[in-house]
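Visitor: Each chain, letter by letter, is given below.
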Amino acid sequence: MDKISVYRFLSAGCNACDVEVLECLAPRYGLASLGVEVVEEPEKANVLILTGAGTVKGREALLEVYEKINPPKIVIAVGNCSITKNIFDKGYPIIGPLNKLIPVNYYIPGCPPRPQAIIKAVADILGVKIEEREEWWQTPEGFRGRHEIDREKCIGCGACAQICTADAIEVIDGPEKRIIKVNYVHCTFCAFCQDECPTKALKLTGAYHLLTNDLQKARVENEVNLLTCAICGGTFFPEKQIDWALKRIVEEKAPIYRDFSSEILDAVKICTNCRRSVESIKKAKRLLTKLSEKARATVLRK
Amino acid sequence: MPEKVYIGPYRPQLVEPERFELLVEGDRIIDAKMELGYMHRGIEKLFTTRTYMQNLALAERICGICSGVHTLCYAQTVERLMGVDVPERARYLRCIYMELERLHSHYLWFGILAHSLHEHEIFAKIMGEREIIQDLFEYLTGNRINYAINTIGGVRRDITPEKAEKIRKVLKTLRSLSDYIMSLLDDNGVLTKKTKGVGVLPRDKAIEVGAVGPVLRASGVTSDVRKDDPYAAYDKLNFEVIVEKDGDLRAKSLVRARETYESMKIIEQALDNLPSGDIAAKPGEPKVGEEIGRTEAPRGELIYYIKSNGTNIPERVKVRTPSYANNFAILAMLRGEYLKNARAVIESIDPCFACTDRVVVVDARTGVRRIMNLK
Ligand code: SF4
Ligand code: SF4
Ligand code: SF4
Numbered sequence: 000m001d002k003i004s005v006y007r008f009l010s011a012g013c014n015a016c017d018v019e020v021l022e023c024l025a026p027r028y029g030l031a032s033l034g035v036e037v038v039e040e041p042e043k044a045n046v047l048i049l050t051g052a053g054t055v056k057g058r059e060a061l062l063e064v065y066e067k068i069n070p071p072k073i074v075i076a077v078g079n080c081s082i083t084k085n086i087f088d089k090g091y092p093i094i095g096p097l098n099k100l101i102p103v104n105y106y107i108p109g110c111p112p113r114p115q116a117i118i119k120a121v122a123d124i125l126g127v128k129i130e131e132r133e134e135w136w137q138t139p140e141g142f143r144g145r146h147e148i149d150r151e152k153c154i155g156c157g158a159c160a161q162i163c164t165a166d167a168i169e170v171i172d173g174p175e176k177r178i179i180k181v182n183y184v185h186c187t188f189c190a191f192c193q194d195e196c197p198t199k200a201l202k203l204t205g206a207y208h209l210l211t212n213d214l215q216k217a218r219v220e221n222e223v224n225l226l227t228c229a230i231c232g233g234t235f236f237p238e239k240q241i242d243w244a245l246k247r248i249v250e251e252k253a254p255i256y257r258d259f260s261s262e263i264l265d266a267v268k269i270c271t272n273c274r275r276s277v278e279s280i281k282k283a284k285r286l287l288t289k290l291s292e293k294a295r296a297t298v299l300r301k
Numbered sequence: 000m001p002e003k004v005y006i007g008p009y010r011p012q013l014v015e016p017e018r019f020e021l022l023v024e025g026d027r028i029i030d031a032k033m034e035l036g037y038m039h040r041g042i043e044k045l046f047t048t049r050t051y052m053q054n055l056a057l058a059e060r061i062c063g064i065c066s067g068v069h070t071l072c073y074a075q076t077v078e079r080l081m082g083v084d085v086p087e088r089a090r091y092l093r094c095i096y097m098e099l100e101r102l103h104s105h106y107l108w109f110g111i112l113a114h115s116l117h118e119h120e121i122f123a124k125i126m127g128e129r130e131i132i133q134d135l136f137e138y139l140t141g142n143r144i145n146y147a148i149n150t151i152g153g154v155r156r157d158i159t160p161e162k163a164e165k166i167r168k169v170l171k172t173l174r175s176l177s178d179y180i181m182s183l184l185d186d187n188g189v190l191t192k193k194t195k196g197v198g199v200l201p202r203d204k205a206i207e208v209g210a211v212g213p214v215l216r217a218s219g220v221t222s223d224v225r226k227d228d229p230y231a232a233y234d235k236l237n238f239e240v241i242v243e244k245d246g247d248l249r250a251k252s253l254v255r256a257r258e259t260y261e262s263m264k265i266i267e268q269a270l271d272n273l274p275s276g277d278i279a280a281k282p283g284e285p286k287v288g289e290e291i292g293r294t295e296a297p298r299g300e301l302i303y304y305i306k307s308n309g310t311n312i313p314e315r316v317k318v319r320t321p322s323y324a325n326n327f328a329i330l331a332m333l334r335g336e337y338l339k340n341a342r343a344v345i346e347s348i349d350p351c352f353a354c355t356d357r358v359v360v361v362d363a364r365t366g367v368r369r370i371m372n373l374k
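Protein sequences, first through last, are from chains G and Y.
Just so we're aligned: the first sequence equals residues 0 to 301 in numbering that gives the first Met the number 0.
Just so we're aligned: the second sequence equals residues 0 to 374 in numbering that gives the first Met the number 0.
Note that these hints are calculated values from the structure, not bench results.
Idealized CB from N, CA, C, for every residue including glycine.
Hints are supplied without guarantee of correctness; some may be wrong.
Unchecked claim - Only pairs whose alpha carbons sit at most 20 Å apart, straight line, appear in this in silico DMTMM-like list of lysine to aspartate or glutamate:
id, chain 1, residue 1, chain 2, residue 2
1, Y, Lys281, G, Asp194
2, Y, Lys44, G, Asp166
3, Y, Lys124, G, Glu36
Unchecked claim - Computed beta-carbon distance windows for the label pairs:
id, chain 1, residue 1, chain 2, residue 2, range
4, Y, Gly209, G, Glu42, 37 to 43 Å
5, Y, Lys264, G, Arg132, 50 to 56 Å
6, G, Lys199, Y, Tyr179, 43 to 49 Å
7, Y, Val287, G, Lys176, 38 to 44 Å
As the list claims (entries may be wrong) - If the Cβ cut is set under 10 Å, some of the chain Y residues that face chain G in the computed set are:
id, residue
8, Lys44
9, Thr48
10, Gly141
11, Asn142
12, Val197
13, Val199
Using the sequences and the hints given, assemble the complete structure.
Guide: Here it is in structure tokens:
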């Protein structure tokens, strides 16, 4: 392709992605220097850039525009709205994801992606090399880019999924393992998950060049082992989460129970079902009595 | 014979797909209609499907240009429902972030104005220099546009002395950008020639159609939520509400240009007097009941109404954005205006970014469409 002419189609996002696409025209980013121009009629374009989640009202217009784009008719979805509908997923007028309506060749994830990400992605698609020498290619500390999960630290508690503002995080329990799956193309990069993670395992990093043509790969995952119930042998709870909780109890919250750690551990290693058995209840009661005796003794000594 | 002219939704492109239908006789517009809804995402319904916390990210995405003030207005309304007392430091920090947002939004507006008046050099200069605010936001909050800075009870990131220094440096550069814009608007300025007497909205008309923000203030009405119903720390900061009398596009430009200096003044004062302490209080339980909150967004008064049934999910959230209020002002301004000024008038209230130079004209008699240059 000698000349790249881009037509922008915006359909119901927050506009920020479209603003960032236009920002790429600023001299600093130099979209023009890659031989790319932005045109105002689809007939003059050979590349279509989509932003927004797609609405009932814009559907016809999108199909019409797509028809008119000239070969090679490359379609690039910019921003998570156009890729997965993102936070607007369950909105009643929303009909995306847009790749259901027309073929999409490339995806540039972000909410919004930085102009740097868009420029680099366009260069990659064109097979042009650009140097990331200037300072503004770097991300500042605290930038909210793609997630990273520290496998050592993650206890599989699912707190991140609970707080998530865009249903980006899935907790999938298999027979032996729990998978925590961050679908960062369905994400607002708000970093609430990072704030909520009790072990600081989850972090948003400076990674922002996220261009892909395979959405299945746009994931960050971690696996944790599920605990086997000491009685029935079924799996029920992340092993590491129990260890973490117990450690917190005996080391931070109530060190006086330290001598009983192994007994407490035995008690919690029974699945909720088996905990209801007469034998388990009796055992639990005995343990509780011991614990309260210990507590009383400690108070008296003081 | 009157002709019908359509502007938008997708041709020519406005940043917000909207559709204007103008009835034109000669080169004058005799009537104007508007059709909205191309951007409708069902947000108010979505608000009632997630928790108060999660809704922060949704409020932020109503508009990607004044994203911050939406989260602030939302958070303040929820804070009232929850009876949360926001720490003093957080209140000052909120003012700093929000005035930075006003700066970037106002400069963006000037960029668009220059673009729609075919002043491409001015457009490029303003858009280029404005980038430093975006960089600053990324440095302060982790994202250039959707800052995710407000939370229920305060803000999520502090401004350290090092960051404050950086903000001051950026303000210095911006001051010269504002000076440049002011020079374009003085008596012989390039923008003055193209904006004087265009799209006049007289004072009573502005009040009648319910205009807000800079559009209203440019028609001689002193109205600013930051003064009339102070929130955050605005009652402790010294600034002036900018008003102009003429009601034309130049007055609207002057209001915004002069407001940039006020914003800088506010930020500097807030940095100088930043109280110590926490940056956020713990959110509480929402009471059963309803609350209303308002803020002065860059485009004018923004209102949130929230009804709570005591659970952690709101029962109803209603948002009245300033652009919505001002849309009616567009119609009032278009009637009687020259067709060649239509685009500038539409853009005088709203961020319509990449409007082209052309509109589709439909001959009212034959229904034949032709492309016409809007110059
Ligand atoms: S992906 Fe995010 S930034 Fe882009 S339009 Fe959607 S909500 Fe806005
Ligand atoms: S430890 Fe952190 S990352 Fe792992 S599941 Fe819990 S909240 Fe998520
Ligand atoms: S940053 Fe985390 S909490 Fe926010 S949307 Fe993405 S996954 Fe969810």
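Visitor: Compare the structure with the hints numbered earlier in the document and write down the numbers of the violated ones, lowest to highest.
Guide: Violated hints (numbers, rising): 5, 12 and 13; every other hint is consistent with the structure.
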